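Chains as they are written, first to last, in this note's numbering: chain A, 56 to 167; chain B, 816 to 926.
If you're looking for bench data, these hints aren't it; they were derived computationally from the structure.
Since the model is a prediction, treat every value here as computed from it, not as a measurement.
Take the hints with a grain of salt, since some may be wrong.
[Stated by the list, open to error] Computed list of lysine-lysine pairs in BS3-like fashion (alpha-carbon distance at most 30 Å, straight line): (1) K857(B) <-> K112(A); (2) K913(B) <-> K816(B); (3) K883(B) <-> K125(A); (4) K883(B) <-> K108(A); (5) K125(A) <-> K108(A); (6) K125(A) <-> K66(A); (7) K857(B) <-> K913(B); (8) K66(A) <-> K883(B); (9) K816(B) <-> K66(A); (10) K913(B) <-> K66(A); (11) K66(A) <-> K112(A); (12) K883(B) <-> K816(B); (13) K883(B) <-> K913(B); (14) K816(B) <-> K112(A); (15) K112(A) <-> K125(A); (16) K108(A) <-> K816(B); (17) K125(A) <-> K857(B); (18) K66(A) <-> K108(A).
[As the list claims (entries may be wrong)] Here chain B is said to cover these stretches of chain A; the calculated rule only asks that three of the stretch's residues, wherever they fall, bring their Cβ under 8 Å from a Cβ of chain B: (19) 127-141; (20) 156-162.
The beta carbon of each residue, even a glycine, is placed where N, CA and C say it ideally should be.
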Amino acid sequence: DAGITQSPRHKVTETGTPVTLRCHQTENHRYMYWYRQDPGHGLRLIHYSYGVKDTDKGEVSDGYSVSRSKTEDFLLTLESATSSQTSVYFCAISDSAGDGYTFGSGTRLTVV
Amino acid sequence: KQEVTQIPAALSVPEGENLVLNCSFTDSAIYNLQWFRQDPGKGLTSLLLIQSSQREQTSGRLNASLDKSSGRSTLYIAASQPGDSATYLCAVPRNTDKLIFGTGTRLQVFP
């Protein structure tokens with residue numbers, strides 16, 4: 056989607072290595088979110104941010120950390136990747152609960 | 816706890832049919848309801864956003880209605896086309912910390 060980009064689009068990494076995924080927005084939206092999508096589980100919230108340096112955990116936050124040093128960037132780090140973290144990761148942004156959400160195109164991560 | 820359910824789970828129809836996809840939610844205290852489509856291997860594309868004060872929204876061949884009191888929303892697709900084949904998701908926000916997604920309807924429109 057215009058205004059939100061994720062990088063990389065695809066990544067293969069080895070078990071135990073750290074991995075960082077990046078979400079960049081040009082909409083100046085306050086809220087940013089990281090979701091993972093897995094067959095049979097739908098979309099699950101990992102972490103979210105409600106402002107620079109303000110973050111909170113979602114429902115599946117174990118093994119993940121996030122940082123938001125600038126309004127436009129929200130980083131998701133897998134501290135030590137495991138095979139269970141093989142998934143498609145989506146970033147989303149919103150300006151308020153009433154404005155709706157915009158999703159990025161996703162990052163397909165494979166941990167071998 | 817808000818729960819969002821979509822019926823049917825899957826739908827296969829010939830091209831040209833008018834379709835209705837259903838979304839039900841258990842807590843009527845919602846800010847809005849958003850419909851998305853997801854193509855295989857792709858991200859989510861926002862189709863329509865209905866605010867809690869609205870009854871319906873239209874975009875091209877798509878029309879979404881919202882009845883908060885009964886906890887239901889419908890997505891109407893007119894004159895379906897093969898390009899409409901995708902998974903359709905409805906979602907409602909829980910304050911600002913989470914979107915609660917429905918279970919999805921997988922639609923296939925064949926020529």
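Status of the hints after comparison with the structure:
With a C-alpha separation of about 25 Å, the suggested pair K857(B) and K112(A) falls inside the 30 Å cut-off, and the hint holds. With a CA separation close to 12 Å, the supplied pair K913(B) and K816(B) stays within the 30 Å bound. Of the supplied pair hints, the one linking K883(B) and K125(A) is violated, its CA atoms being roughly 37 Å apart against a limit of 30 Å. Among the hinted pairs, K883(B) with K108(A) is inconsistent with the structure: their alpha-carbon atoms are about 36 Å apart, more than 30 Å.
For the hint pairing K125(A) with K108(A), the CA-to-CA distance comes to about 8 Å; that is within 30 Å, so the pair holds. With a C-alpha separation of about 24 Å, the suggested pair K125(A) and K66(A) falls inside the 30 Å cut-off, and the hint holds. At roughly 21 Å between alpha-carbon atoms, K857(B) and K913(B) fall within 30 Å of each other, so this suggested pair holds. Using a Cα cut-off of 30 Å, the hinted pair K66(A) and K883(B) is violated, with the two alpha carbons roughly 42 Å apart.
Using a Cα cut-off of 30 Å, the hinted pair K816(B) and K66(A) is violated, with the two alpha carbons roughly 35 Å apart. Pair hint K913(B) plus K66(A) holds up; C-alpha atoms about 26 Å apart against a cutoff of 30 Å. Pair hint K66(A) plus K112(A) holds up; C-alpha atoms about 24 Å apart against a cutoff of 30 Å. Of the supplied pair hints, the one linking K883(B) and K816(B) holds, its CA atoms being roughly 16 Å apart against a limit of 30 Å.
For the given pair, K883(B) sits about 19 Å from K913(B) by alpha-carbon distance, which is consistent with the 30 Å threshold. With a CA separation close to 18 Å, the supplied pair K816(B) and K112(A) stays within the 30 Å bound. With a C-alpha separation of about 19 Å, the suggested pairing of K112(A) with K125(A) holds against the 30 Å cut-off. For the suggested pair K108(A) and K816(B), the alpha carbons sit about 29 Å apart, so the restraint of at most 30 Å is met.
A threshold of 30 Å between alpha carbons decides the hint, and for K125(A) with K857(B) the separation of about 27 Å falls inside it, so the pair holds. For the suggested pair K66(A) and K108(A), the alpha carbons sit about 26 Å apart, so the restraint of at most 30 Å is met. With 0 residues having a Cβ less than 8 Å from any Cβ of chain B, the segment 127-141 of chain A misses the three-residue criterion, and the hint is violated. For the segment 156-162 of chain A, the stated coverage by chain B is satisfied: 6 residues place a CB nearer than 8 Å to a CB of that chain, which reaches the threshold of 3.
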